[in-house]
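Visitor: Single-letter residue listing:
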Amino acid sequence: MIKKYTAILIFVALMISLGSFVANAGEVDWGAINPKQKNASSVGDTKECFLCHQEYIDSFGRTKHAKIFQAKYGKELAGTCEKCHGPLSAHLNGPTREERYASVVSFKKIPTEIKNKICLQCHEKGLTMHWAGSTHDRSGLSCTNCHYVMDRMSRQKLYIDEDPKKACFQCHQGMRAKMMKTSHMPVREGKLECASCHNPHGGPGPSLLKGTTINDTCYNCHQEKRAPVIWEHAPVRENCANCHDPHGSNFDKLLKVRMPYLCQQCHSGNFHPSTMYDGSKVVSSAQFMRGKACTNCHSLIHGSNHPSGSFFQR
Amino acid sequence: MTRLKVIGLSLIIFFFALAGFPVFAAEQAKDAEEGGDISSVLVGGTTSSKEDDERLVKEGLVGDFTLGAGVVGTNVRSFKFGEYNGLTGKSQGFAVGDFDLSYNRDDFYYTDMQAENLGLDNRKVYFEAGKYNDFKFTAGFDQTPQFTSSTSQTIFNGAGTTSLTLPSGFTKAASTALVRIPSVNNVDLSDTRDATTFGFSKIVGNEEYGVNFKHETRTGLKSLGAIVGASPGGSAVILPEFMDQVVNELQVSVAHGHDNHQIRFDYFMSMFDNNNKSITWESPYTTTPNGLISRPPSSQFHRFSLNGGVNLPYATRITGTAEYSMALQNEDLFPYAFGTSTALLPTSTANAEIQTVHVSLNGSSKPFQESTIFKDLFLTAKYRHHQTINNTPITTFTPIVNDTGAQVAATSSDVARNSPFDYSQDQLKLDASYPVYKATYVSLGYDSELMQRSYREVSKTFENTLRAGVRSNLDQIASGNVNFLYGDKIGDRYNQSTVFDARHPAGTVTSFPFDNLTQMQRLDIANRERKKVATNLSYFPTSSVTLGINHNYMVDDYKQSVFGLSHQSSQDVTGDINYSPDQSLNLFLFYTYENGVAEQFSRNYQSNIPGSDFDPNRNWTANSNNIFHTIGVGAKAYFMQKKFSLDTKYTYSQGVSQVGFAAGSVLGTPLGMPDVTSQIHRFEAKGKYNYSREITLGLSYIYENYRSTDFAYDNATAATNSVNSVILLSNSNPNYSGHIGFVSATYHFGAPKASSGEQEQK
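Here the protein sequences come in this chain order: A and B.
When the count follows the working numbering, it moves up by one through the first sequence with no breaks and lands on 314 for the last residue.
When the count follows the working numbering, it moves up by one through the second sequence with no breaks and lands on 762 for the last residue.
Simulated from the structure, these hints should not be mistaken for lab results.
Among the hints, erroneous ones may be present.
[What the hints assert, rightly or not] Here are the computed lysine to any residue pairs in the SDA-like style, where the Cα-Cα straight-line distance is at most 25 Å:
#1 B:K136 <-> A:G79
#2 A:K166 <-> B:S511
#3 A:K125 <-> B:S305
#4 B:K532 <-> A:P246
#5 A:K210 <-> B:S365
#6 A:K115 <-> A:N242
#7 A:K166 <-> B:Y652
#8 A:K115 <-> B:N206
#9 B:K222 <-> B:T709
#10 A:K125 <-> B:I627
#11 B:K559 <-> B:G487
#12 A:K281 <-> B:S665
#13 B:K124 <-> B:A745
#14 B:K429 <-> A:L141
#15 B:K489 <-> B:E529
#16 A:K64 <-> B:F213
#17 B:K277 <-> A:G190
#18 B:K366 <-> B:T465
#19 A:K281 <-> B:V436
#20 B:K636 <-> B:E694
#21 A:K256 <-> B:L485
#22 A:K115 <-> B:F540
#23 B:K489 <-> A:Q156
#24 A:K166 <-> B:A129
#25 B:K531 <-> A:F169
#26 B:K222 <-> A:K125
#27 B:K124 <-> A:G190
#28 A:K253 <-> B:A195
#29 B:K532 <-> A:R100
#30 A:K210 <-> B:K375
#31 B:K136 <-> A:N242
#32 A:K165 <-> B:Y591
#33 B:K214 <-> B:V76
#34 A:K256 <-> B:I627
#35 B:K429 <-> A:N215
#36 B:K375 <-> B:T280
#37 B:K375 <-> B:V436
#38 B:K531 <-> B:G548
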């Protein structure tokens, strides 16, 4: 086992070392994107962009992007524009309107892969470090599907709408309906957003989750369930989603199936675990079906630290 | 306490804000003296010189400040209506403050301040100050309530403490039916999380250093099932659990960023402290005088993680994550039963520890870029290893049955040994995609997963999964994708004795040599065949109309599970229509149908009926069917040259859950369960009028109507003795009709020439 980890770490170290010596692998080749800009050069300090694009630049100025750009690249406007639209000398000095129009990288005309590469010039780190090869990358999504950088449409993260959920619901329409279910997390109320649990830019976890596992993600808010205890409930320790549907449910506690039937999918022990709780027993066996059902008694179902808690009752 | 925290945090925020204000005010005043507009000093607006017009980021204060007031009217006091905002009153007024302000200086120093729902229980405040591309401080306060039940009643005195007593006149008895309850106390169930955060980060060259701290308190009342005695004859009561928990978390990070390689190290610590280690209660049953139930133990968690990425030629990128963590818990153990000696325990503390090791490596590449045919072939490969190492010692516990008397005999089936469960997961994912025609891509994928578990009936499961898909974007007339998945999970021989032998020490006598039916396979380790289809189509018949349909279907078959879950499927279909003829009008309509089906088998057997465990006439089947309909329709329109906007939306959601049965002859003819239903209508209208560039007036109205039926809770009260062996807490009948009316005024500092959201996206 130790040999396996050592081999992986050496491999990672080698890759990083190799990357340090490979020039320009992550840089944008503007001439390849737009041949008209092949011989164009950066124009540096100019305010000419305002002559035609005043409205867009004004709105862009309200974004955190603009503020960071100015601090990073200086107050010269073109230095900012050129970071995403390529060197602009041909665009500003073209002999005809058509020439000028053709001599700039417009996000309306370039493929998804190029759009993303332009953004990743600065963002290939932190939350977006694992974008390449991620589910959304392979699905052909571009950064601009969810983010709009030319105005401040949302309070944070430059989403396309003030409501961050709308970015996700463009494709995940089924989730929009799940949020309306009676048992739900406070997503539709705005206290959580999809990105509270998911990192849509990819990562080491399943289902684009922020944590390395489903449980690691859940423990970010439910720390009390992280503690190791004497009596572990194995499926609970392994995967919260064995029993819960975090996106919404018709049952208490986001359960996937109502108790006792949920528990009986795995438990068929002597007496009550194997009993058929049908409609005729709603009164006579109500202790297994009413109130908190199985957890009327087995209330420490996530695990117990009590010496008498082997059945998760203490 | 919460209000004090908000006030305290606000003071901190304004302290920082004031620190920047003198510079700002002095510079603004200087501008005014030089011919600028004095109003810019008063309201933080910007001067309008040509030079300023040509600056990307204008110095000064910009943003919005909103004050509003509203009224809530509901037909009943409803915690369901105000579940996450606290607007639970039958007739209630409220005030809300909201701001989103940013002060920027020409030298890149800035201060951002945001607040939401000041005045409500779900308030949030955020503050950030620093210098762009250099350093920043952050501070925040976030309050999240959950109002669970306003109709609960308890037999106990002392709700809100960890010691619950019975009122005078309470008559204990051996069973619930004989207990006499003289009175009950109303008890509201709700809890709140108050999170305070602080952070600092600093950029030095290509390195970024960060530290973040979070302090969160959780207080309130929840419901908790609690039992005294144990099989046979255990009786339960639902307690109002007093919750008092504290979480402190610290994260320290160091990141190095370069065009071609990035690396980041994180240390994360989470300390969970439960101030209520247990709840004790006076038993309403004569079998046992008192009960004690443990609460989640205090614990600590430490995680070290390393993330890195490197770009190589041929559009190749390698990323990886290595993570090591440990969760520790060493609380003192409670005695076996209330009032007994801890000297009877085999160990005094838990000494529980789980370590986790995670390693993942991802690679993506277009390796044939110089080939004419395969230059756009995109390949990805991922390897992931995750493993837990549970170091909790194995101990044999000999409890006191029924919470009274002596310890059970060493041969009793109640003697139990803990099993420090572990698992490891190794996954390999390979994917390829290739453009076959213009913007049409075909993709193929293969996944393999090896799961290894200790103390489970199956020690190894291996799953192979094949994936295929097509996505296309046809000249902006239509776009769509369809994806298929087939997975087959096969495990080692299902061996119940692994778990049974681990739990029951040698020499103990049990009714059966197994804990479960011998032919049952637990769903998470059972052999499984999985099929998934996902389809998404969008059609743009004109530039103003979008039609979409989305369908997801998944089915899991557990063909080798004679008992347990045998079949599970789910599907959802959504139709969307969007009509937007111009920038002043947008109409939308959607409908989603969702259906989930589960089929499970079992056999009713009892140790006092010999042979019952082999009697097929005692078999039974339960079929669960959950059906949901969700409809949404809305319009957003602008009038009067966009001075006035109206945003309306209606959504309706209905859920019906049914369970039907089939049974063998011994069990008789079963009856289906009563349906569990829920439905919600919600109508929302928001009007905004831009009175001037600086002032916007708002008027909102929300109507909600909620209806549900649930046999578990409806008409269940603590005093009815209606349930065998359990005294309930809740009469949770959350039906309501509620209205909210809200007026607001927003002042825009440094009002933009084109307001946010009105500009066409390019």
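Visitor: With reference to the structure, classify each hint as holding or not holding.
Guide: Verification of the hints:
no. : hint              : result
1   : B:K136 <-> A:G79  : 24 Å, holds
2   : A:K166 <-> B:S511 : 56 Å, violated
3   : A:K125 <-> B:S305 : 15 Å, holds
4   : B:K532 <-> A:P246 : 20 Å, holds
5   : A:K210 <-> B:S365 : 24 Å, holds
6   : A:K115 <-> A:N242 : 38 Å, violated
7   : A:K166 <-> B:Y652 : 18 Å, holds
8   : A:K115 <-> B:N206 : 24 Å, holds
9   : B:K222 <-> B:T709 : 21 Å, holds
10  : A:K125 <-> B:I627 : 43 Å, violated
11  : B:K559 <-> B:G487 : 13 Å, holds
12  : A:K281 <-> B:S665 : 17 Å, holds
13  : B:K124 <-> B:A745 : 19 Å, holds
14  : B:K429 <-> A:L141 : 20 Å, holds
15  : B:K489 <-> B:E529 : 6 Å, holds
16  : A:K64 <-> B:F213  : 24 Å, holds
17  : B:K277 <-> A:G190 : 32 Å, violated
18  : B:K366 <-> B:T465 : 23 Å, holds
19  : A:K281 <-> B:V436 : 60 Å, violated
20  : B:K636 <-> B:E694 : 22 Å, holds
21  : A:K256 <-> B:L485 : 22 Å, holds
22  : A:K115 <-> B:F540 : 23 Å, holds
23  : B:K489 <-> A:Q156 : 42 Å, violated
24  : A:K166 <-> B:A129 : 29 Å, violated
25  : B:K531 <-> A:F169 : 24 Å, holds
26  : B:K222 <-> A:K125 : 41 Å, violated
27  : B:K124 <-> A:G190 : 11 Å, holds
28  : A:K253 <-> B:A195 : 22 Å, holds
29  : B:K532 <-> A:R100 : 49 Å, violated
30  : A:K210 <-> B:K375 : 33 Å, violated
31  : B:K136 <-> A:N242 : 41 Å, violated
32  : A:K165 <-> B:Y591 : 17 Å, holds
33  : B:K214 <-> B:V76  : 37 Å, violated
34  : A:K256 <-> B:I627 : 13 Å, holds
35  : B:K429 <-> A:N215 : 21 Å, holds
36  : B:K375 <-> B:T280 : 70 Å, violated
37  : B:K375 <-> B:V436 : 12 Å, holds
38  : B:K531 <-> B:G548 : 24 Å, holds
The structure shown violates the earlier hints numbered 2, 6, 10, 17, 19, 23, 24, 26, 29, 30, 31, 33, 36.
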